[in-house]
Amino acid sequence: MAEKRLDEATNTETVGHEWDGIEELNTPLPRWWLWTFYATIVFAVGYVVAYPAIPMVNKATEGMIGWSSRGQLAKEMDAASKQRSEVVAALAKTPIEQLDPESPLMRAAISGGAAAFRVNCVQCHGSGAAGFKGYPNLNDDDWLWGGDIKAIEYTLVHGIRQPDADETRFSQMPAFGRDGILSSAEISDVTSFVRSLSDLEPASAASQRGAALFEANCAVCHGPQGKGMREVGAPNLADAIWLYGGSREDVTATITNSRYGMMPAWGERLDPVTVKMLAAYVHSLGGGEDFIDVAEDPKVEVDEAP
Amino acid sequence: MKPPDPLPEGDLLDRALVAKDANPATARKPSTPAPDVPPSLYEEHTTVHPKRIDGRFRRFKWLVMLVTLAIYYGTPWIRWDRGPYAPDQAVLIDLANRRFYMFDIEIWPHEFYFVAGLLIMAGIGLFLVTSAVGRAWCGYACPQTVWTDLFQHVDRFVDGDRNARMRLDKAPWGAGKAARRFWKWTIYLVISFWTGGAWIMYFADAPTLTREFWAGDAAFVAYATVAVLTATTFWLGGFMREQVCVYMCPWPRIQTAMLDEKSLIVTYKHWRGEPRGSLKKSQKNPDTFGDCVDCNQCVAVCPTGIDIREGAQIGCITCALCIDACDKVMKEVGRPRGLIDYATLEDCEREAAGHAPRPVIKTLMHPRTLIYFGVWSAIGVALLFALGSRERTGITVQPDRNPPYMLLSDGSVRNSYTVKLRNMQSRPREMELSIVGLPGATMWTDDMNRDSAARAIVREVAADVALPLRVYVMAPRGSEEQDFSFKVTALDAEGETDSTETAFNAPEAP
Numbered sequence: 001m002a003e004k005r006l007d008e009a010t011n012t013e014t015v016g017h018e019w020d021g022i023e024e025l026n027t028p029l030p031r032w033w034l035w036t037f038y039a040t041i042v043f044a045v046g047y048v049v050a051y052p053a054i055p056m057v058n059k060a061t062e063g064m065i066g067w068s069s070r071g072q073l074a075k076e077m078d079a080a081s082k083q084r085s086e087v088v089a090a091l092a093k094t095p096i097e098q099l100d101p102e103s104p105l106m107r108a109a110i111s112g113g114a115a116a117f118r119v120n121c122v123q124c125h126g127s128g129a130a131g132f133k134g135y136p137n138l139n140d141d142d143w144l145w146g147g148d149i150k151a152i153e154y155t156l157v158h159g160i161r162q163p164d165a166d167e168t169r170f171s172q173m174p175a176f177g178r179d180g181i182l183s184s185a186e187i188s189d190v191t192s193f194v195r196s197l198s199d200l201e202p203a204s205a206a207s208q209r210g211a212a213l214f215e216a217n218c219a220v221c222h223g224p225q226g227k228g229m230r231e232v233g234a235p236n237l238a239d240a241i242w243l244y245g246g247s248r249e250d251v252t253a254t255i256t257n258s259r260y261g262m263m264p265a266w267g268e269r270l271d272p273v274t275v276k277m278l279a280a281y282v283h284s285l286g287g288g289e290d291f292i293d294v295a296e297d298p299k300v301e302v303d304e305a306p
Numbered sequence: 307m308k309p310p311d312p313l314p315e316g317d318l319l320d321r322a323l324v325a326k327d328a329n330p331a332t333a334r335k336p337s338t339p340a341p342d343v344p345p346s347l348y349e350e351h352t353t354v355h356p357k358r359i360d361g362r363f364r365r366f367k368w369l370v371m372l373v374t375l376a377i378y379y380g381t382p383w384i385r386w387d388r389g390p391y392a393p394d395q396a397v398l399i400d401l402a403n404r405r406f407y408m409f410d411i412e413i414w415p416h417e418f419y420f421v422a423g424l425l426i427m428a429g430i431g432l433f434l435v436t437s438a439v440g441r442a443w444c445g446y447a448c449p450q451t452v453w454t455d456l457f458q459h460v461d462r463f464v465d466g467d468r469n470a471r472m473r474l475d476k477a478p479w480g481a482g483k484a485a486r487r488f489w490k491w492t493i494y495l496v497i498s499f500w501t502g503g504a505w506i507m508y509f510a511d512a513p514t515l516t517r518e519f520w521a522g523d524a525a526f527v528a529y530a531t532v533a534v535l536t537a538t539t540f541w542l543g544g545f546m547r548e549q550v551c552v553y554m555c556p557w558p559r560i561q562t563a564m565l566d567e568k569s570l571i572v573t574y575k576h577w578r579g580e581p582r583g584s585l586k587k588s589q590k591n592p593d594t595f596g597d598c599v600d601c602n603q604c605v606a607v608c609p610t611g612i613d614i615r616e617g618a619q620i621g622c623i624t625c626a627l628c629i630d631a632c633d634k635v636m637k638e639v640g641r642p643r644g645l646i647d648y649a650t651l652e653d654c655e656r657e658a659a660g661h662a663p664r665p666v667i668k669t670l671m672h673p674r675t676l677i678y679f680g681v682w683s684a685i686g687v688a689l690l691f692a693l694g695s696r697e698r699t700g701i702t703v704q705p706d707r708n709p710p711y712m713l714l715s716d717g718s719v720r721n722s723y724t725v726k727l728r729n730m731q732s733r734p735r736e737m738e739l740s741i742v743g744l745p746g747a748t749m750w751t752d753d754m755n756r757d758s759a760a761r762a763i764v765r766e767v768a769a770d771v772a773l774p775l776r777v778y779v780m781a782p783r784g785s786e787e788q789d790f791s792f793k794v795t796a797l798d799a800e801g802e803t804d805s806t807e808t809a810f811n812a813p814e815a816p
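Note that the protein sequences, when read in sequence, are chains A and B.
Per our numbering, residue 1 is the first one in the first sequence, and the count goes up by one each step.
Per our numbering, residue 307 is the first one in the second sequence, and the count goes up by one each step.
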């Protein structure tokens, strides 16, 4: 190593290295920079000791102060649920039909339901609750199983056509074509009659033939005028709303193969308060019906005409 | 003090601009650094001890100080009866409820353009004032100037005038000096606390807040605001003083860019004053010396510690106290007043060339001031017109986009809207919401039964609130997509209305 000396041109000390006559001047980092750099090293050591830092096989080393991002999340969730606890407790002990529609509790339930709806329901019913073909629009005034707040809660808790749920909403329409109950000509006649109920088709000879077939095969569930029956979830065929479509092809397909719409029994998946909130939200979408206290069993007290 | 070089004739503006950039303190203590050592950019602070002076501008400053401080401290305590539904404080910025009250005017958040307009007027007003009378804002009305002035009076009250204060500054610390300092800083602190305390009164009912404040019940933000403003007032008014103007404030820089040769500035009339000589000297050699007797009174009274005889400079806030000081001396030595005076650079050139000074009104009226005044008053008139013609009833409508429409079981089409009825008067009013257009349509709200749907519904809207309504509009089967309007009518003698157009969505005709 060569000798350190002062460079003549700049009056700066060299570091003492020399390569073929090329020398390096010693211009050290500013002191504040250097001390900041040392401080970051000290900080880093402290950080590694205090916080989870070094990745191991299953998880990182646990820091001395025991912080983890999951732990922080849990703490924040706890705090959030503590904040909601008052509303949750009040909802838990209030039967849903006794919720005052004007009360702050109802408003809290509706907004809680809106959030739960986004998580659990939008996959089938859509984010605006407008539904799709086969998945009902929850904004309108047409209800298969009843549209008062208690009937909605019952449907949510027990689901629709759930194989393992005893009290589920259940009914089954025969597959009139597939099972050979009606011939394809008869199905065509019934289709004409059904469509004439809501003026999609004018009355004709075919629809008159279909009327007799309807009386014999369909009226037991859908009613003599095709107005439906909520006890068995039989849709009103005389209104403007078609869950599976009202075109000739759609109606023919429905009669031929039947339909079997299902909804999970949310009582098994969600806590009762969340289900109540969902019921309140769905009821608030503009088509909810008034609850009329007739009997204990929601299947019976459903009011017939909206 | 070394007399400056004789000024070149007809080069006043250039000289003024050069002097403006020069640092006042270095100019006062000219140092001749060695040629090989770069000059230090650090300027050590020297405390300014302005001398007491009386005169017309000092009296005007007293008046301005009295008025501005009275406005600042007193305004929140003015009561203004607005009836039972609105606060009775004349000026109140009610952040919690998003309302701004100013005497008979109440501003809602969506009307904030009034405040924006006032701020623009304030900005252009400053341009106007600056181009007409120079840095009058700095010299008289700026809070930094007013509070610095106030604190300097406290200095004078506690420690005596300039010479006494300078002596005390140099004196070693002892019991007497410590007692005086403690006493002075206590007064500073009381003024600062009062200043910080007055600020929060604009944001809540002043008597209630005062009671809560002392009882310890006020919001944390109230205490924090008072603490911060007390600290800044104490520091900026008590200790930073002219350094705020010279080093911290951007406004002097902007103003110096706006000044031109037609703006009034405080000017030392060097053609009259130079060369300087004491009274004795000029009595010995009557024709050698100018009017300036080099008494340095203009420097002694200056609150920013500059020497105005070096020309216009950034440290000069044009408070005109040097004019008072010089006038007093000129009177004593029997020479005409106005050796230091308000003058434009143009006038200076005229006067230096021996012409008569122009009347002040002519100095004030030139194209720049007239244009600024035109813009300023146009905005003012527009704001007044908007204020006079605004309605205190409003409606906003937001249609649901998901789903855009839905079919009801009888085939009719339903759309949903969030409607807000705004009652901007300080009394509850009945308001009627009605549908204009959209034949056959009826509406109901989420707290109504659909059976009572109608073309118009009436709601009681509480005083000074926006009432949100969830409105369902139902049009008969086969209705097509079209625009229609919601209209709100206040059901009172005035019958104010407002309406807004929105869309009704419907399925495409098959």
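Please keep in mind that the hints were generated in silico from the structure rather than gathered at the bench.
There may be inaccurate statements among the hints.
[Said to hold, decoys possible] Chain A is nowhere near these chain B residues, computed Cβ spacing over 12 Å in every case:
{"hint": "1", "residue": "Val435"}
{"hint": "2", "residue": "Ala659"}
{"hint": "3", "residue": "Arg756"}
[What the hints assert, rightly or not] Capping the alpha-carbon separation at 35 Å, the derived lysine-lysine pairs in DSBU-like fashion look like this:
{"hint": "4", "chain 1": "A", "residue 1": "Lys150", "chain 2": "B", "residue 2": "Lys726"}
{"hint": "5", "chain 1": "A", "residue 1": "Lys82", "chain 2": "B", "residue 2": "Lys726"}
{"hint": "6", "chain 1": "A", "residue 1": "Lys75", "chain 2": "A", "residue 2": "Lys93"}
{"hint": "7", "chain 1": "B", "residue 1": "Lys668", "chain 2": "B", "residue 2": "Lys568"}
The beta-carbon is built from N, C-alpha and C at its ideal position, and this holds for glycine as well.
Would you pick out the hints that fail for this structure and give their numbers low to high?
Violated hint: only 3; rest satisfied.
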